Amino acid sequence: MIDLELIQTVIADGLSAHLGIPVVQVDEVRQSQYPYITYSYSGPIKYPGSTPAMTLVAAGTEEVMERYTEQPTCRISLNSCSNQQLESWTNAIRMHDWFRIVGHDVLKQGADLVVVNAGKLKNRDTVIEGVWERRSQLYVTFRTASVVDMNQGTIQTVNWK
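When the count follows the working numbering, it moves up by one through the sequence shown with no breaks and lands on 194 for the last residue.
Bear in mind the hints are in silico, worked out from the structure with no lab data behind them. The structure displayed is predicted, hence computed values, not measured ones. There's no promise every hint is true.
Unchecked claim - Under the rule of at most 25 Å between Cα atoms (straight-line distance), these lysine-lysine pairs were calculated in the BS3-like manner: (1) Lys-141 with Lys-79; (2) Lys-155 with Lys-79; (3) Lys-79 with Lys-153.
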């Protein structure tokens with residue numbers, strides 16, 4: 034199973050430490066002070082079309098554990114938000130660099146994530162209550178490991194007829 038909570042924690046903490054600004058889910062209360070980054074899973078989560086690889090892991094004398102492993106991809110949407118356009122773009126560029134280069138080890142070691150594609154930066158400026166909020170958007174596609182463990186009892190006795 035994909036650990037989405039771990040993924041979002043590693044991304045939010047690593048990106049916030051790199052940029053020095055808050056990184057919050059898009060549906061959380063809007064930050065009162067700029068700048069900040071919002072993120073959300075934007076789907077789809079794509080699993081490979083083939084059967085997952087299965088290995089057997091010893092789990093004791095009475096059972097074995099079947100471990101199914103595959104590498105799906107998932108996508109996240111991020112917005113650099115500010116009240117100043119240049120600041121929004123600058124943070125978006127730094128965020129893009131973090132996903133492509135700087136954060137590689139943090140993502141790999143912390144959540145077993147590999148960036149497949151850090152997309153184009155797009156202008157998503159909007160007016161909120163008569164005031165411009167400057168937004169720069171980025172989509173990032175990841176590949177991660179999905180591991181499902183299933184315990185199976187072992188056959189102790191076979192009756193031949």
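Going down the list of hints, with the structure as the test:
Proposed proximity of Lys-141 and Lys-79 is supported: the alpha carbons are some 19 Å apart, at most 25 Å. With a CA separation close to 24 Å, the supplied pair Lys-155 and Lys-79 stays within the 25 Å bound. For a cut-off of 25 Å, the pair hint linking Lys-79 to Lys-153 stands: about 21 Å separates their Cα positions.
No hint from the list above goes unmet by this structure.
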